[in-house]
Amino acid sequence: MTGSGRVVHEETVEARAPWSHVVLAGQSLRIVDLEGNQAVDFLLYAADDPVERYSAADTMSAQGNVYLTTGSVLRSNEGNPMMTLTASTVERHDTVGGACSRESNSLRYGHHTNHQHACVDNFLLEHVSRDMGKRDMVANINFFMNVPVEPDGSLGIVDGISAPGLYVELRAEMDVIVVVSNCPQINNPCNGFAPSPVRMIVTEPA
Amino acid sequence: MSASDTATTHGARDHARAQAAAVERFSRTVPAGDPEVLWRETVEGGNYATRVLPRGARLTLRDPEGDTSVQLLVFNHHHRAERLNVPDTVKVQWQAYLGAGRLLLSDMGRVLMSVEADSSAGHDTFNAMSNRAWNDAKYGGGAVHASAPNARDRFAVALAKEGLGRRDIGASVNLFKPVFVEPDGSFTWRGSTPQPGAAVVLRADMDVLVALTVTPHVLDPRPRYTVSPLEISAVTGLPAAADDPIRMATPEAGRAFENTDDWLLTRRLHTDEQGAS
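These protein sequence lines are chains A and B, in that order.
Mind the numbering: the first sequence is residues 1 to 206 in the working numbering, read in order.
Mind the numbering: the second sequence is residues 1001 to 1277 in the working numbering, read in order.
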């Protein structure tokens, strides 16, 4: 499925599930939206020192734009390149909408949704298994999620622009811990109201 | 004083004590004075400040000279793993731009502070605070001891004094320097119009730790490190009432205050056990 390179790891992440994996500098990670319009909530931590981690704000400021697309450099809170989007067959991805949580769901959809599974719970499970915790939860990327910002400031998660088999490919610029929540949200269109699996493929140059 | 005045311990002591008489432009009134006044401080460009404010307090951030730029972080004072969540703040309110009537939401679905009044031209919820690399590249001398102190390292020090650290520096909201998002997602800087006297009034909706830096916005196009002082005052006040207009404005805000009230219930039980007020 990948354009080039030797596959060093390949795995399907079930619908609603967390996932984490170390990707070494020079390796690439391809995320395939198998069934279409599946939000993939995504964070990065420097493998050597996870206090350095993905910063949505630094990434947006450095590129002067809120949307992630081919060529976007994912930057850390210290301004360093962590990964580069080397390919994307979806026009753009989101990094302003954050992760769904039980708590924010209760605000957006009513207190009854507090008992539904959510991305922050996925992230925290991966964090605690890697000696991190709630303090390490920061603003994330949502691959394959569509969040327009309108001139009056109106902003929201709307119908997706992805489709089955579309993908994004990221080259690691340093050794990174990739932490993912394959989004379980069912109250907005970020997963087409039906969470689905995604494929993770790590390659290194041939 | 000449060097010889500080050659002895008594000389050094007198020299040290003489300095307290100086009246600085950038000063703190300690303690603030009137019983209802909680905080009075003017922070120079490049510097930082922190404070714990009780629920109901009104924090006024004022731009006396019209060219200040503030990066703000807020924490639940009693449970500091709970903190400002900028994505939730914009997503839950369906609105990218902060202004009067908006909430600063925590990552636990609760209200940290509300924007009660705002006479500024706007703010920014998307861009980074400066870090060492950014200010080194843009100005040279981005270290905190140099000519262009960066916000991130200032926050690291400010939060370390509160028992927190670099992991706790999340995304900030950036006050007094508006940035517009174009339909293609690109940023347009709108922070060049001076606004002397502009002020933002924030109500604490729980006991909060406020940390802020006064440093140039990262998109400020000026090649020189330029930022005017921030005037801070905070007074005690009444918490949001049941019919508070900000609480009543949207269903999302209503539920955010319900979650906050719910947390305060258990907080009161805790303080009763401790015998505290």
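A couple of the hints might just be wrong.
Short, incomplete list of chain B residues facing chain A, as computed with Cβ under 8 angstroms [claimed, not checked]:
no., residue
1, Val1086
2, Asp1107
3, Tyr1139
4, Arg1152
5, Arg1167
6, Ala1171
7, Val1181
8, Phe1187
9, Val1201
10, Leu1219
11, Pro1221
12, Pro1223
13, Val1235
14, Leu1238
15, Trp1263
16, Leu1264
Calculated cross-link-like contacts (lysine to any residue; reagent style SDA-like; alpha-carbon spacing at most 20 angstroms) [to be verified]:
no., chain 1, residue 1, chain 2, residue 2
17, B, Lys1161, A, Arg135
18, A, Lys134, B, Lys1138
19, B, Lys1161, B, Val1235
20, B, Lys1138, A, Pro81
Okay, the calculated bits of chain B under chain A, using three or more residues with CB under 8 angstroms as the criterion [to be verified]:
no., region
21, 1124 to 1133
22, 1226 to 1233
23, 1249 to 1260
Just so you know, these hints were derived from the structure itself, not from any lab.
Glycine included, C-beta positions come from ideal geometry on N, C-alpha and C.
### Message
Hint validation: Ala1171 of chain B versus chain A, beta carbon distance must be below 8 angstroms. Holds or violated?
### Response
Interface hint status for Ala1171 of chain B: holds (5 angstroms vs cutoff 8 angstroms).
### Query
Has the given pair, Lys134 of chain A with Lys1138 of chain B, been kept, meaning a C-alpha gap of at most 20 angstroms?
violated, 33 angstroms
### Message
Holds or violated: the hint that Leu1238 of chain B contacts chain A, with Cβ atoms closer than 8 angstroms.
### Response
violated, 24 angstroms
### Supplied contact hint for Phe1187 of chain B, tested at 8 angstroms Cβ to chain A
holds, 5 angstroms
### Message
Does the closest beta carbon of chain A sit nearer than 8 angstroms to the beta carbon of Pro1223 of chain B?
### Response
Violated: closest Cβ of chain A sits about 17 angstroms from Pro1223 of chain B, beyond 8 angstroms.
### Query
Counting residues of the region 1249 to 1260 of chain B with a beta carbon closer than 8 angstroms to any beta carbon of chain A, are there 3 or more?
Satisfied; 5 residues make the cut.
### Task
So, Pro1221 of chain B near chain A? Judge it on the closest CB pair being under 8 angstroms.
violated, 12 angstroms
### Query
Hey, does the Val1201 of chain B contact hint survive, CB to chain A under 8 angstroms?
violated, 20 angstroms
### Task
Classify the hint on Trp1263 of chain B as holds or violated, based on whether any CB of chain A lies nearer than 8 angstroms to its CB.
Hint violated; Trp1263 of chain B Cβ to chain A Cβ min 11 angstroms, cut 8 angstroms.
### Message
Hinted pair, alpha-carbon criterion (20 angstroms max): Lys1138 of chain B, Pro81 of chain A. Please report holds or violated.
### Response
holds, 17 angstroms
#### Entry: Tyr1139 of chain B as chain A interface residue, shortest Cβ-Cβ below 8 angstroms
violated, 14 angstroms
### Query
With a cut-off of 8 angstroms, does the beta carbon of Val1086 of chain B approach a beta carbon of chain A closely enough for the hint to hold?
It holds, given that the least Cβ distance between Val1086 of chain B and chain A is near 6 angstroms, below 8 angstroms.
Going through the hint list in order, the structure does not satisfy hints 3, 9, 11, 12, 13, 14, 15, 16, 18, 19, 22.
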